[in-house]
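Novice: Next come the chains, spelled out residue by residue.
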Amino acid sequence: MAKGKKAPEKILRQVPFCPGCGHGIIVRLVMECIEELGYNDNVLIGKPVGCASLLDNNLAVDTFTGAHGRNGASMTTIKRLKPDMLVVSYQGDGDCYNIGFSETMNAAYRNEKFTVIAVNNGNFGMTGGQMAWTSMPGQKTSTSVNGRNVELSGMPIRVPEMIAHSFDTAYVARGALFTPAEINKTKSYIKKAMQAQIDGVGHSLVEVLSPCPTNWGLTPLASMERIVNELVPYFPLGEIKNKGGK
Amino acid sequence: MSKVIVSKDKCKQCGFCVKHCPKQAISFSADFNSSGFKYAVVDDSKCIACGMCYTTCPDCVFEITE
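If you're matching them up, the sequences are chains E and R in order. Position 42 of the first sequence, counting from 1, maps to 42 under the working numbering, and the rest follow consecutively. Position 30 of the second sequence, counting from 1, maps to 30 under the working numbering, and the rest follow consecutively.
No lab work stands behind these hints, which were simulated from the structure alone. Even glycine gets a Cβ: it sits at the ideal position worked out from N, Cα and C. Incorrect hints may have been included.
Said to hold, decoys possible - Stretch-level coverage of chain E by chain R, calculated; a stretch enters the list once three of its residues show a Cβ under 8 Å from a Cβ in chain R: (1) 9-17; (2) 23-37; (3) 178-188; (4) 213-227.
Bound-form chain R, shown alone:
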C-alpha cells in the first residue's frame, strides 16, 4: 500500500508540494486530470511519509496513510 494517497482530480498544479518535499519524491504527471492540470505524482520509493505535501497543499490532494 502506498504511503500517500493522491486525489489527482483535486490537484491544481501549484507546485508547493514539489518545492517543499524534502526527498524530491513528487513530480508532475505527463497527462492531465479532469480540470486540465498536470497532477502531482509521488514516488513511493523516495517518500518518507513526512506530510510536508499535506501541510503545504491548498487543495487537500494528499492523504498520509501511516
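Bound-form chain E, shown alone:
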C-alpha cells in the first residue's frame, strides 16, 4: 500500500501560477527534497525576476530575489559567507540563460558550491511570452509572430550541455514533467544536485522542461504533448554529468 503523501508544510498557501504551469510541480519537488534532506531552517532559495518571483510569501524558508539574471552572483556571495547553508537558485530560462548568462556561466566556471534549478519553458513567461534563446524553431511567440526564424536568430541554446562539457562542475541533469515517472526522475535529479552541494563536490544544475500553457496558447495537457513531441528530441533528458559525492 502506498504511504500517505502530503504537500510540504513549508509551502504555505496556493501557488500563484497559471493553471497547468510546471512551476507548481517543480516548487513542490524542491521543497520535498529540502524536507527529505533534513534541512529546516538553514535554507535559502534564490528567486529570479520572472514568474517565479510571484512566490513571495508562499514559502516558509528564507528567500532572496536577485537583480534580473544576477542570482549566479548573489548566490555565490551567500554561499561563500554561509557555507553551511543549503543555497538553491530557482530561476527561469529567461533569467538564468538570456539575461543572466554571464553570471550563470561564471558561477559554473568557478565551480561555486550551490544548486541551480533552471525552469525551461521556451519563452519569457511573465512579460507575455516573448521569444527566448530556448524557443523552438518555428515557435510563434509575441516577438516572433511568424514563428522563430533560425536563419535570423540561430538555434535554441542548450546551456546544461555547455556547462557539463566545459567546466569542472559536480552535477548537471535535465528532467521533464509529462508523466509521474518523469516527475519522480526529476525529483531524484534535484535531490542529487542538492546532495552534491551538501557534500561539497561543487556546482550543480538541473534544467526542467516545463509547460507554459498560457503563452503557448495550448491547454495544459496539449502543452505536455508538445514537450514530448517537440522539446524532448532537441533537449534530451537524463543526467549529463555526475561526479558523485564523497
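Fit chain R to the known structure of chain E by using the hints.
Specialist: Showing chain R alone in chain E's frame:
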C-alpha cells in the same frame, strides 16, 4: 474516511490528475470553486490511493491519507 483529501479551492482544473489516474477515479465537479474552476472530485470506490494525483498536481490539491 476517504483515501484522498481534496482541497477543492486550490484546484485550477488543469486535468493532469484526470489524465494520469490509473483507475479513472477522478472527474471534474459540476459546480465551481472560489476561483471559478471546476474542481477535481475523487471516486473513493475506484481510488487505490496510489498517489499519482499528488505527484502530477501543480497546486498541492491532494493529500493521500493512508
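Novice: For every hint, state whether the structure bears it out.
Specialist: Okay, the hints, checked on the actual structure:
Look at the region 9-17 of chain E against chain R: 4 of its residues bring a Cβ nearer than 8 Å to a Cβ of that chain, three or more, so the hint holds. Closer than 8 Å: that is the beta-carbon criterion, and the region 23-37 of chain E has 4 residues meeting it against chain R, so the requirement of 3 holds. Chain R is given as covering the region 178-188 of chain E, and this holds because 4 residues of the stretch bring a CB closer than 8 Å to a CB of that chain, at least three being needed. For the region 213-227 of chain E, the stated coverage by chain R holds: 5 residues have a C-beta nearer than 8 Å to a C-beta of that chain, and at least 3 were required.
Hint violations for this structure: none, all hints satisfied.
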